[in-house]
Amino acid sequence: MLRTRHSRRMFLVHLTLDPCAGNAPLPGDIAGLLRSGATAEDGLEHVAVHASARPYPVLGLFLLSPDLAVAEAAAERLWRRAAARHPGLGAWRLRRAEAPLMHPEIMWPEGGVNPGRGQGAGA
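Note that our numbering has the sequence shown beginning at -6, numbered continuously upward.
One or more of the hints may lead you astray.
[To be verified] Label-pair restraints from in silico Cβ distances:
id, residue 1, residue 2, range
1, A17, P59, 28 to 38 Å
2, Y49, H79, 26 to 36 Å
3, R73, A44, 15 to 25 Å
4, P59, N16, 11 to 21 Å
5, M95, A66, 14 to 24 Å
6, R89, S45, 34 to 44 Å
7, P12, P93, 33 to 43 Å
8, E91, R1, 15 to 25 Å
These are computed hints drawn from the structure, not numbers from a lab. Keep in mind it's a predicted model, so treat the numbers as computed, not measured. Each residue gets a CB set at the ideal place from its N, CA and C atoms; glycine is no exception.
With the sequences and hints as input, model every part of the structure.
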């Protein structure tokens, strides 16, 4: 696939959070809080909330971005912007903003290959 300099792809970036003040729950509208501060430049398409993930809650941000580094920076920027605008988020610390590692053998048990993609030119 030919990509132009300005083409954007979808990236999943996890915001891993650490509650600083005890066990304060994430606000129920955390996805909306992130979306409300998003700009077109951020490329935010969807927020998945995993409030009960262990050991730390995780927010999955799906972002359109030219590359992974830009997507991770946008995710961190979205968190910082939301935390600055909503005092309830002050009880939470951002541990990291990074793309999760995917294990093909878990996602596609049949040999670790995405059946929709094939295995190359000879497939």
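We went through each hint and held it up to the structure:
1. A17 <-> P59: 28 to 38 Å: holds (36 Å)
2. Y49 <-> H79: 26 to 36 Å: For Y49 and H79 the Cβ distance comes to about 19 Å; the hint is violated.
3. R73 <-> A44: 15 to 25 Å: Given about 20 Å between the Cβ atoms, the range holds.
4. P59 <-> N16: 11 to 21 Å: violated (38 Å)
5. M95 <-> A66: 14 to 24 Å: Holds - the Cβ-Cβ distance for M95 and A66, about 20 Å, lies within 14 to 24 Å.
6. R89 <-> S45: 34 to 44 Å: Taking Cβ atoms as reference, R89 and S45 lie about 19 Å apart, which means the hint is violated.
7. P12 <-> P93: 33 to 43 Å: Violated - the Cβ-Cβ distance for P12 and P93, about 20 Å, lies outside 33 to 43 Å.
8. E91 <-> R1: 15 to 25 Å: Taking Cβ atoms as reference, E91 and R1 lie about 19 Å apart, which means the hint holds.
In terms of the numbered hints stated before, the structure departs from hints 2, 4, 6, 7, listed from lowest to highest.
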